[in-house]
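A.B. asks: For reference, the chains in residue letters:
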Amino acid sequence: MKLLEGLFLKNLDIILKGIEKKNLSSNLRSMDSFRVMSYQLDFIPFATPSEAIYFINARIKEISRYSPKLVVFPRYTANLFLGLLPFSKKKLQTEKGLELSAKFYKMLRGFYIELIEVIGKMTGITLIAGSVFSPSEEIVVLFSEGKVNCFTKKDNIRVVQDGYNSIAFLFPNETQDYKKARSLQESGVNIFITSENWKEKNEWLMKTGIWARSQTLGIFGINSAMVGNIFGEEFYGASFVSAPAILTKNYSGFVVKLNDYAEKGVAIADIKMNVIEEYLSSLPKTYKKYWSFTWGGNS
Amino acid sequence: MKFYIGSQIGLLEFDDVDIAISWEEEPVLRKWIKVNITGDEKSINVYKGGEVLETSAYIFSEIDGIKFAAVTGYDSLYPEFYHYARSKNASFVVSYNKTDGMAGFMNIKFRAWSFAQETKLVIFSIIQVSGKVYYGVYGPLYKYKEKNGIIIEGSSRDFLEVSFDEAS
Chain A
6 MKLLEGLFLK
16 NLDIILKGIE
26 KKNLSSNLRS
36 MDSFRVMSYQ
46 LDFIPFATPS
56 EAIYFINARI
66 KEISRYSPKL
76 VVFPRYTANL
86 FLGLLPFSKK
96 KLQTEKGLEL
106 SAKFYKMLRG
116 FYIELIEVIG
126 KMTGITLIAG
136 SVFSPSEEIV
146 VLFSEGKVNC
156 FTKKDNIRVV
166 QDGYNSIAFL
176 FPNETQDYKK
186 ARSLQESGVN
196 IFITSENWKE
206 KNEWLMKTGI
216 WARSQTLGIF
226 GINSAMVGNI
236 FGEEFYGASF
246 VSAPAILTKN
256 YSGFVVKLND
266 YAEKGVAIAD
276 IKMNVIEEYL
286 SSLPKTYKKY
296 WSFTWGGNS
Chain B
64 MKFYIGSQIG
74 LLEFDDVDIA
84 ISWEEEPVLR
94 KWIKVNITGD
104 EKSINVYKGG
114 EVLETSAYIF
124 SEIDGIKFAA
134 VTGYDSLYPE
144 FYHYARSKNA
154 SFVVSYNKTD
164 GMAGFMNIKF
174 RAWSFAQETK
184 LVIFSIIQVS
194 GKVYYGVYGP
204 LYKYKEKNGI
214 IIEGSSRDFL
224 EVSFDEAS
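Each protein sequence line maps, in turn, to chains A and B. Under the numbering used here, the first sequence is numbered contiguously, ending at residue 304. Under the numbering used here, the second sequence is numbered contiguously, ending at residue 231.
These are computed hints drawn from the structure, not numbers from a lab. Heads up, a few of these hints could be off.
[Unchecked claim] In the DSSO-like style, the derived pairs of lysine-lysine whose C-alpha atoms are separated by at most 30 angstroms in a straight line are: (1) A:K294 <-> B:K183; (2) A:K158 <-> A:K184; (3) A:K184 <-> B:K206; (4) B:K210 <-> A:K277; (5) A:K293 <-> B:K94; (6) B:K161 <-> A:K290; (7) B:K105 <-> A:K294; (8) A:K204 <-> B:K183; (9) A:K254 <-> B:K210; (10) A:K184 <-> B:K195.
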């Protein structure tokens with residue numbers, strides 16, 4: 006941990022000097038636009054500490070420039086730092102090397118959580134930063150209202166109250182489960198975040214996830230994706246913000262979507278919570294009569 | 064199973080149809096049509112052998128061992144109904160909606176497509192948009208050759224054959 010701290014955190018202090026601290030959370034009770042940034046990153050692990058520092062610096066500057074209230078990084082973001090570890094070199098993948106590598110995973114986890122906390126405290130915004138540290142464990146790091154939290158797929162509660170809005174994170178397969186999304190929606194969640202990486206350049210396939218839930222349930226969905234070769238498989242993104250078609254430009258169901266599947270970038274959108282609330286209140290909730298069936302009772 | 068979707072009058076040109084699906088109008092009676100489904104934004108009629116079998120806001124029925132559901136109104140806009148239909152072993156659902164303008168049309172169309180993806184059912188979406196009837200048939204993404212989940216879309220009458228295996 007000390008090694009990683011030495012590499013990054015001292016430099017981070019230097020990077021953050023001169024960047025104005027923005028405490029935006031205090032404004033969240035307003036019904037005005039809620040600006041979100043959803044990153045699409047290419048999966049090329051950092052080769053040197055200076056690359057990593059440049060990456061962190063560039064993201065902080067972007068976040069400061071656009072003043073969002075919510076920023077989402079894709080799954081595997083933390084793994085970009087693995088390129089810095091000597092144990093990822095093939096010649097060092099001995100039994101001893103792998104044992105040390107496992108220890109490094111643990112250290113990296115600690116480092117990454119601390120990194121997100123530092124960035125979160127400096128910028129004063131909500132950050133959701135999905136990451137995988139090993140095939141057996143995936144954690145999502147979440148910074149909100151001054152605190153950093155981590156959760157895995159086993160944790161049922163993944164909702165943060167961020168001022169006026171309730172935000173929930175869904176792991177990729179969970180976006181297909183309307184019951185999970187419906188139960189969260191009924192408990193007051195109005196923004197759903199996920200991090201799905203698609204293996205095909207097929208927009209219809211991409212639409213089967215959180216985009217489809219936006220259409221059928223009437224929710225805002227945010228997807229943050231990686232592109233490139235990840236663990237031997239090619240992924241094509243894409244990052245987007247979705248909403249019911251009736252509320253989007255051109256009735257596409259996308260508030261914003263990155264067009265190029267192969268490029269890194271950031272999808273930025275100003276979402277208006279009062280608009281979706283008005284839309285939902287205009288529809289009678291006739292679905293409630295099916296709840297005895299939906300939740301496992303007799304139909 | 065052989066489906067005809069479109070105006071009832073068009074049925075006069077087909078002599079091999081199992082199920083005819085139309086917006087609300089008087090059914091054309093032909094002895095080879097096993098089921099004739101018509102509906103609007105308020106109710107659905109299911110005819111078998113020229114007799115009105117049922118009239119309701121939603122219906123569960125069966126033809127040649129294939130179960131199906133038909134729905135209209137607000138229930139047709141929510142996933143709960145389609146999952147309920149699937150739990151009743153329906154193979155396809157016919158939904159009727161009426162709207163004005165492109166926004167409402169796209170809203171209903173995307174919902175129907177999404178229901179097909181999450182339930183793996185075939186969805187027949189009949190939408191009257193500003194007086195004109197639009198027909199969309201949607202199914203699971205990879206079951207049909209275009210891999211986009213769209214089997215048929217358009218405002219003209221159409222004829223299609225759909226097989227329902229155990230997985231559908």
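A.B. asks: Each hint: holds or not?
C.D. replies: Now for the hints, and whether the structure bears them out:
no.	hint	verdict
1	A:K294 <-> B:K183	holds (22 angstroms)
2	A:K158 <-> A:K184	holds (16 angstroms)
3	A:K184 <-> B:K206	holds (24 angstroms)
4	B:K210 <-> A:K277	violated (33 angstroms)
5	A:K293 <-> B:K94	violated (40 angstroms)
6	B:K161 <-> A:K290	holds (18 angstroms)
7	B:K105 <-> A:K294	holds (18 angstroms)
8	A:K204 <-> B:K183	holds (21 angstroms)
9	A:K254 <-> B:K210	holds (25 angstroms)
10	A:K184 <-> B:K195	violated (34 angstroms)
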